[in-house]
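Protein chains in written order, with the numbering used here: chain G, 6 to 283; chain R, 46 to 270; chain Z, 9 to 407.
One or more hints might be untrue.
Unchecked claim - Taking lysine-lysine pairs in the DSSO-like style, the calculated list, with each CA pair at most 30 Å apart, reads:
#1 Z/271 - G/156
#2 G/274 - G/195
#3 Z/271 - Z/92
#4 Z/224 - G/156
#5 R/227 - R/237
#6 Z/224 - Z/51
No lab work stands behind these hints: they were computed from the structure.
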Amino acid sequence: MSFPSDYLRWLLLVCLVAGTATSALATAHIVLETSLAREYHLAAGDTVQLRLPGASASAPFVVSGFYTPPPDPAGISRTSRQAWMPITDLERFSGRDDRVSRFVLSLAPGANADSLVEALNSTQLGFRAYRSRDVARESSQTFVVISNFHKAISFLSILTGAAFLAAIVLLQVQELRRSLGVLRVIGISKRSIYTLVIGETVLLANVGAAAGVGIAFLVSRAVNSYYRSYFDTTLIFSSIEGWHVVLAFGIASVVGVVLGSVATAYLFKSEINEVLGR
Amino acid sequence: MSAPNDFLIRAESVAKTYRMGSTLVEAVQNVDLRVARGEFVSLMGPSGCGKTTLLNLFGCIDVPSRGTLHVFDEDVATMSERRRAELRLRRIGFVFQRFYLLPMLTAFENVELPMIEMKIARSERSERARSLLERVGLAHRMRHRPHQLSGGEMQRVAIARALSNQPDLIIADEPTGELDRKTGASILALIKELQIGGLTVIMATHDPHAAELGHRVIEMEGVSA
Amino acid sequence: MMARVAFRNVVRHRLRTAFTVLALSIAVALLADMLMLSRGMEKTFYRVLSSVGYEVRVCPRGTLPFATDAVIEESGRVTEALAKDTRVERTLRVLGTTLHVDSLPLFAMGVDGERQSLYRVVEGRDVTMADGAAEILLNQNAMLALHVAIGDTLTLQRDAPGTTMAFSRGLTAVVVGTIDIPFDLPGQRTAILPLASVQELRDQPDAASFVLVKLKGGDEDHFVPLAEQRDVAASLATAFPDLSVYAMDELMDALQRQLAYFKQFSLILSTISLLVTFLLVAVVLTIGVGERRGEIAALRSMGFRRRSIQAMILSESALLLAMSAVCGSVLGWFLAGYLDHILTQSPSLPAGYRFFIPAWREVLTAVALSGIAGIMAALLPALQAARIDIPRTLHEEVV
């Protein structure tokens, strides 16, 4: 059984009228989510029939327009659609007078939101008031968790990259051990050799960082493109910002300096003769 | 007069050309040479005259560009790479200027190595390796790694390794090149001893004193540009 | 012996080998964890769903259980029709709502039916389902928050306390037991009442949030085959076009769309882990072959065959991979627990839900895949080593 992809919220059931208006008796208006226009080829002025769950009769509503709600991360997996109408129409239609899910308040400039929340909650009118930022924080908890998950994976990736770089630097240094040994024999200072190896390692690490940033940009675009299509949203799922780039090069440089220093120190532990292969 | 099959090596108008970038370099030109079984031949000449190239050809490491070369009565140019490897393993022992011992193996294990490739039984190869190291005077250094040995000792191990598969021919390329005079002399004495024992030896050297150890000294001139 | 030579080569440079094994181990661990993530979510979903003990769910059209406030208005009609279906063993109607005890909200479920497996009575007894019985079951969180014990009486209100209380429906109920519910969210306070009590409080006499259906042929631990479940679900959907009907796998598919991100994330990271393994082995061995050209040329000049040289390089790869497999398996096992701890902090997940379920099958699969990637990566360096130009290399080594 294939799973249908079209369904509205519990309050509204849409029975579609194919295209043409039968608006002679329809006086109530409704604004639909834009995606419905695409899916059902609706246009402003069309009439749709709405029916409550369990009811046999439906009521006509004229589509007065379409609206794209702002992208909401909490709603990306939402499969229901939204519609808007004057509250009096909804009350009349649903038979539930004077009942709302919530009030949303916009405050006058300079008004203190915290004191208002406190006052409302102390009035014992049977509801609770919250600041919008508190609601946002609560509803963002899932994304905080996902962010922490990503950070953990990122840390492991950095560790893998650093270990990879360390192995390669040690390989490079071993390969160059004869050359480095000759430099020491002819009097080149340890400091100069450190500078040489560290410089090379930092350069290698930063070239890798540059390639990584480039790949990250491409992957980020691909991720956004894919998930926007998958979830039918305009949300930004992945974003490479300036500080990410700075961090990438910063970590690469630090790792390069540390590994280059360690590798050279490791090499200097050997006697010159051994380094020269005698 | 030696019969044809008494000659381990028969070279007629042998030449070897290498490509270095866009230039063709003739490393060896018109070599006619025969080396009899049990003979000690020394190759002398300036650097770049083609001594190593010639040794590589005789040792079946490389194939001639022109001419005919028979080693153990087989035409090197028509031999497969696999057959040449087999000859190198079974019948030819190499001694290099730079020893080329595997640094992570002990002296004993380095000598065992070619025998393992020959799939000789463990007990036999252990016995043979021990015996060879005793022969070259390193019985007390069997478990040492190359970096724990002196230059002379390393070359002795290399000689023991070259003898491990009981070859008919030893090819030595500047075996004393990295050694001091005294140590080099002892190595040359060892090589001479091997030849007296019946092995055929072809040795490349700069040292006239070393060259005189051979039955024949072949002076090579560089190929003119 | 070539394996011994390979082993000696690998341990010759301990620090380098240690870093290589560290990087490979993390890659193996991440791959194992991503495989566990992919399978763990499915396993846990199925476990949570199956713990409820019903094969088919009937919901208001276009909704999932408790996803919205929508209800089936004439649920009695639905259960009557289901009772006549010979394939149905029993049904359970559930109506969810938020009730208040003083100022404390509780998530309450009204249930009916003779037998149920929606919840487990830990202490006390189950509520009697006869109409009018004023009994209540609470989970541990609710018992602690309300400071009540079995036998105490609670006054439940539909609405939050305030001046509207006078007009709000209320109910007095006796606590008869403590329950445990597998899909409770962490910290959630849950109550179970007879369905009729909740319907009365909501002023919705025949409503149900959804209906659970147990089919004949299975028992408490085993369900009827999926094909049969889907069959029944399809025929019920036809009989009730206003409702959505789900078999177990259909419900899982619908729920898993919400976790599609993690499945795809696990696929991407798995691929990257394999790529890292491949690159690391290829780079390390290629550079290693480069630094040992003289040794390899000497071996070839001694008569070692190309195949022996290739075997040596491949053995080195196998050794590195074997060491990484052991370290990576252990690391992956512990890492799974850590990552799972992070993800299960999510507020919208049932308390018993797990993203990562450590399983040897996934670890061994990761080891096998990494092994294949590593051996493939070693092929080119092995080939290069075997094809070294002996005379040229020997000459270059002297110069």
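Each hint tested on the structure:
As the CA atoms of residue 271 of chain Z and residue 156 of chain G are separated by approximately 18 Å, the hinted pair is consistent with the 30 Å bound. For the given pair, residue 274 of chain G sits about 12 Å from residue 195 of chain G by alpha-carbon distance, which is consistent with the 30 Å threshold. For the proposed pair residue 271 of chain Z and residue 92 of chain Z, the alpha carbon gap of about 41 Å is over 30 Å, so the pair is violated. Annotation: proposed proximity of residue 224 of chain Z to residue 156 of chain G is violated, straight-line Cα distance about 48 Å (limit 30 Å).
With a C-alpha separation of about 15 Å, the suggested pair residue 227 of chain R and residue 237 of chain R falls inside the 30 Å cut-off, and the hint holds. The suggested pairing of residue 224 of chain Z with residue 51 of chain Z holds, with an alpha-carbon distance near 24 Å, which does not exceed 30 Å.
Of the numbered hints listed earlier, those contradicted by the structure are 3, 4.
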